[in-house]
Amino acid sequence: MTSDPSLHPDKKELAAFGLGRLDDAAHERVEQHIVECETCCEFLQGLPNADRVVSLLRNSDAPLVDEPTAAETDHSRQRIGTRIRYFGDYELLEEIARGGMGLVYKARQVSLERIVAVKMILSGELASEEDKRRFQIEAQAAAELDHPNIVPVYEVGDFDGQHYFSMGFVAGTSLAAELADGPLPAAKSAEIIRQVAQAVHYAHGQGVIHRDLKPSNILLDTSGNPRVTDFGLAKRINRDATLTTTGQIHLNEIETGRLLQTFKGHGNPVTGSAFSSNGRFLVTCARDKTARVWEVETGKSLRVLDGVPNAVSAFADDHRRTACGGWYACVFDVQSRWQT
Amino acid sequence: MDLTSRSLLQRVQSSTDEESWDRLVSIYMPLLQRWLQQYELQSSDAEDLIQDVLSVVARDVTTFEHNGRRGAFRSWLKTILINRLRNFWRSRNYRPAAGGGSDNQLHLQQLEDPASAVSVAWNREHDQVVLARLWAMIEPRFSEKTCTAFRRQVMDGLSAAEAAEELDMTVNAVLIAKSRVLKELRREGQGLLEDLE
Numbered sequence: 001m002t003s004d005p006s007l008h009p010d011k012k013e014l015a016a017f018g019l020g021r022l023d024d025a026a027h028e029r030v031e032q033h034i035v036e037c038e039t040c041c042e043f044l045q046g047l048p049n050a051d052r053v054v055s056l057l058r059n060s061d062a063p064l065v066d067e068p069t070a071a072e073t074d075h076s077r078q079r080i081g082t083r084i085r086y087f088g089d090y091e092l093l094e095e096i097a098r099g100g101m102g103l104v105y106k107a108r109q110v111s112l113e114r115i116v117a118v119k120m121i122l123s124g125e126l127a128s129e130e131d132k133r134r135f136q137i138e139a140q141a142a143a144e145l146d147h148p149n150i151v152p153v154y155e156v157g158d159f160d161g162q163h164y165f166s167m168g169f170v171a172g173t174s175l176a177a178e179l180a181d182g183p184l185p186a187a188k189s190a191e192i193i194r195q196v197a198q199a200v201h202y203a204h205g206q207g208v209i210h211r212d213l214k215p216s217n218i219l220l221d222t223s224g225n226p227r228v229t230d231f232g233l234a235k236r237i238n239r240d241a242t243l244t245t246t247g248q249i250h251l252n253e254i255e256t257g258r259l260l261q262t263f264k265g266h267g268n269p270v271t272g273s274a275f276s277s278n279g280r281f282l283v284t285c286a287r288d289k290t291a292r293v294w295e296v297e298t299g300k301s302l303r304v305l306d307g308v309p310n311a312v313s314a315f316a317d318d319h320r321r322t323a324c325g326g327w328y329a330c331v332f333d334v335q336s337r338w339q340t
Numbered sequence: 001m002d003l004t005s006r007s008l009l010q011r012v013q014s015s016t017d018e019e020s021w022d023r024l025v026s027i028y029m030p031l032l033q034r035w036l037q038q039y040e041l042q043s044s045d046a047e048d049l050i051q052d053v054l055s056v057v058a059r060d061v062t063t064f065e066h067n068g069r070r071g072a073f074r075s076w077l078k079t080i081l082i083n084r085l086r087n088f089w090r091s092r093n094y095r096p097a098a099g100g101g102s103d104n105q106l107h108l109q110q111l112e113d114p115a116s117a118v119s120v121a122w123n124r125e126h127d128q129v130v131l132a133r134l135w136a137m138i139e140p141r142f143s144e145k146t147c148t149a150f151r152r153q154v155m156d157g158l159s160a161a162e163a164a165e166e167l168d169m170t171v172n173a174v175l176i177a178k179s180r181v182l183k184e185l186r187r188e189g190q191g192l193l194e195d196l197e
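Residue numbers (the numbering used here), protein chains in the order written: chain A, 1 to 340; chain B, 1 to 197.
No lab work stands behind these hints, which were simulated from the structure alone. Hints may contain errors.
As the list claims (entries may be wrong) - Ranges between beta-carbon positions, derived for each pair:
#	chain 1	residue 1	chain 2	residue 2	range
1	A	A26	B	S91	50 to 56 Å
2	B	G157	A	T39	42 to 48 Å
3	B	S55	A	K11	45 to 51 Å
4	B	D22	A	E94	22 to 28 Å
5	B	Q37	A	T39	48 to 54 Å
6	A	I96	B	V61	31 to 37 Å
7	A	E144	B	L106	47 to 53 Å
8	A	F159	B	V120	26 to 32 Å
9	A	E94	B	P140	39 to 45 Å
10	A	R133	B	E162	37 to 43 Å
11	A	E94	B	E40	28 to 34 Å
12	B	D168	A	E36	17 to 23 Å
Claimed, not checked - Under the rule of at most 27 Å between Cα atoms (straight-line distance), these lysine-lysine pairs were calculated in the DSSO-like manner:
#	chain 1	residue 1	chain 2	residue 2
13	B	K183	A	K11
14	A	K12	B	K183
15	B	K183	B	K145
16	A	K132	A	K106
To be verified - One side of the interface only, derived from the structure: several residues of chain B facing chain A at Cβ under 8 Å:
#	residue
17	L54
18	V56
19	A72
20	Q128
21	L131
22	W135
23	L158
24	S159
25	A161
26	L167
27	M169
28	N172
29	L175
30	S179
31	K183
32	R186
All C-beta atoms in this analysis are idealised placements derived from N, C-alpha and C, irrespective of residue type, glycine included.
Using the sequences provided together with the hints, build the complete structure.
Okay, structure coming up:
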């Protein structure tokens, strides 16, 4: 193949080049030509952007930042951090987390000159009016919570159609991140779960169920104290019956015995569990290195106990020690016990 | 064959290379999470289902053969997902709350029908998420200038002349930047996104 600049590629080939559709050799040859040929550049500029890749990228769901999915790499993370982006009253400083529901940014609230966390809800999450109404109600309920172990919700709203809520910014890490390095010492685990249990107990008293309680939603501040976050997803109970039906049913449906079975079926180690009486249970389990915590109601967790009587008796002391407000909880490494 | 000239799917299929598999997972995990959210599953159940789907993919991906039809991979994935959801509801002896369950069944039936609106939505969401993730993956392979030139033209809809002016590049260079990135996207996505060729 020649790269003689006087030989223009034919129009079909040029169009294919413009959309990146040529094979390596042809691409190379046309690119050499394009570097110098104004005529062909002009032709390329006149072509419509009629291509599926282009239209999918342009209409992707993430107009907030240029490349939200790119934040995986350190390369792009740095770049996001160095740009100034405003979102309503907030100056977005850096992405600090992402979940199934949306992105979380560390941000400066300009009018109040304070650092906050802003959670953006993915557009697909609140598709219907009902979803939006529910989100508003839930976030509103969360905003009423006031507890030292709960990350406060400051503001709920939408800006340019983007739903979001702002929360207190917690400098530190999350329980999930801590657990990724291995199980915590029993005393530390118990203290964390004790405080979490108090927070959850308080929220339940206010008619708010978290519904997605798990280590990644339990932040640890610089003193190591847990702060439960994402109450924005909480379901309100006893106040708006039609909206909460589903939440209630889900709570009742949890069968931890089955979950543990599932984990074991995967051949992964199960690492941890906690529970007890007065009609409520906290359960934590782990698959691989990730622990989880569930809110569970009476009766269901007993199946776990039935299945692992030895584990139960081994934990009995710990339970009593960590009793609090109707909740009893602790986290332990049961792997060794269950595998014997 | 040069390793870099093969697509992500080909690399996953032909080796035990963990990095490629992790990348595939990082593409499909968020897609499945988003998709499952519409069924109002407990988040732990959704995670288990995703694990199930991905383990089937892990087990069978090496023997997955492209049948030449458009969207073969996403259809395959969809079938696995449908089966897993059915099994899940069956195993739970799922009793729908106020008709919610029959909605789910109906939704699954529509998802099985390749011509339904639900399937069209699945296809679109699949392609969009996969493409966005692929872009994130290949972005570090290009210079920042190339990336910006590409983004300004493709994501932000600037003309080549506008992008060139803004970035102080020649029109030739921004056109080449766009072409190179699009080419790389198509190459990396081959087999996952076949309408792109």
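Hints, one by one, checked against the model:
For A/A26 and B/S91, the Cβ-Cβ distance of about 53 Å falls inside the hinted range of 50 to 56 Å, so the restraint holds. Restraint check, B/G157 to A/T39: a C-beta distance of roughly 25 Å breaks the suggested window 42 to 48 Å. In this structure, B/S55 and A/K11 meet the distance hint of 45 to 51 Å, their C-beta atoms being roughly 49 Å apart. Our hint of 22 to 28 Å for B/D22 and A/E94 holds, since their Cβ atoms are close to 24 Å apart.
For the pair B/Q37 and A/T39, the supplied restraint of 48 to 54 Å holds, since their beta-carbon distance comes to about 51 Å. At roughly 33 Å, the beta-carbon separation of A/I96 and B/V61 lies within the given 31 to 37 Å, and the hint holds. Between A/E144 and B/L106, the C-beta spacing of about 37 Å breaks the proposed range 47 to 53 Å. In this structure the supplied range 26 to 32 Å holds for A/F159 paired with B/V120, their Cβ-Cβ distance being about 30 Å.
Judged by the Cβ atoms, the range 39 to 45 Å given for A/E94 and B/P140 is violated: they are separated by roughly 18 Å. Judged by the Cβ atoms, the range 37 to 43 Å given for A/R133 and B/E162 holds: they are separated by roughly 41 Å. Between A/E94 and B/E40 the beta carbons are some 32 Å apart, a value that agrees with the proposed interval 28 to 34 Å. Between B/D168 and A/E36 the beta carbon distance is about 19 Å. The supplied range of 17 to 23 Å therefore holds.
Distance check on the hinted pair: B/K183 and A/K11 sit about 18 Å apart at the alpha-carbon level, within 27 Å; holds. Annotation: proposed proximity of A/K12 to B/K183 holds, straight-line Cα distance about 16 Å (limit 27 Å). Restraint check for B/K183 and B/K145: the C-alpha separation of about 17 Å stays at or below 27 Å, so the hint holds. Between A/K132 and A/K106 the alpha-carbon distance is near 24 Å, which keeps this suggested pair within the 27 Å criterion.
Evaluation of the B/L54 hint against chain A yields a violated restraint, the C-beta minimum of about 11 Å exceeding 8 Å. A distance limit of 8 Å between C-beta atoms decides the matter here; for B/V56 the minimum to chain A is near 13 Å, and the interface restraint is violated. At about 16 Å, the closest approach between the beta carbon of B/A72 and any beta carbon in chain A exceeds 8 Å, and the interface hint on this residue is violated. About 5 Å separates the beta-carbon of B/Q128 from the nearest beta-carbon of chain A, less than 8 Å, and the hint is met.
The criterion of a C-beta within 8 Å of any C-beta in chain A is met by B/L131, whose closest approach is roughly 5 Å, and the hint holds. For the restraint placing B/W135 at the interface with chain A, the shortest Cβ-Cβ distance is roughly 7 Å, inside the 8 Å limit, so the hint holds. A least Cβ separation of about 11 Å between B/L158 and chain A goes past the 8 Å threshold, and the interface hint is therefore violated. At about 7 Å, the closest approach between the beta carbon of B/S159 and any beta carbon in chain A falls short of 8 Å, and the interface hint on this residue holds.
Interface restraint check for B/A161: the shortest CB-CB distance to chain A comes to about 7 Å, inside 8 Å, so the restraint holds. With its C-beta approaching chain A no nearer than about 14 Å, B/L167 sits outside the 8 Å limit, and its interface hint is violated. Taking 8 Å as the C-beta contact cut-off toward chain A, the hint placing B/M169 at the interface is violated, the least distance being around 12 Å. Using the Cβ-Cβ criterion of 8 Å, the hint placing B/N172 at the interface with chain A is satisfied: the shortest such distance is roughly 5 Å.
This hint holds: B/L175 has a C-beta 5 Å from the nearest C-beta of chain A, less than the 8 Å allowed. Interface hint status for B/S179: upheld, as the beta-carbon distance to the closest one in chain A is roughly 5 Å, under 8 Å. With a least beta-carbon distance of about 3 Å to chain A, the hint placing B/K183 at the interface is held under the 8 Å criterion. Given the 8 Å rule on beta carbons, the hint for B/R186 holds: about 6 Å separates it from the nearest Cβ of chain A.
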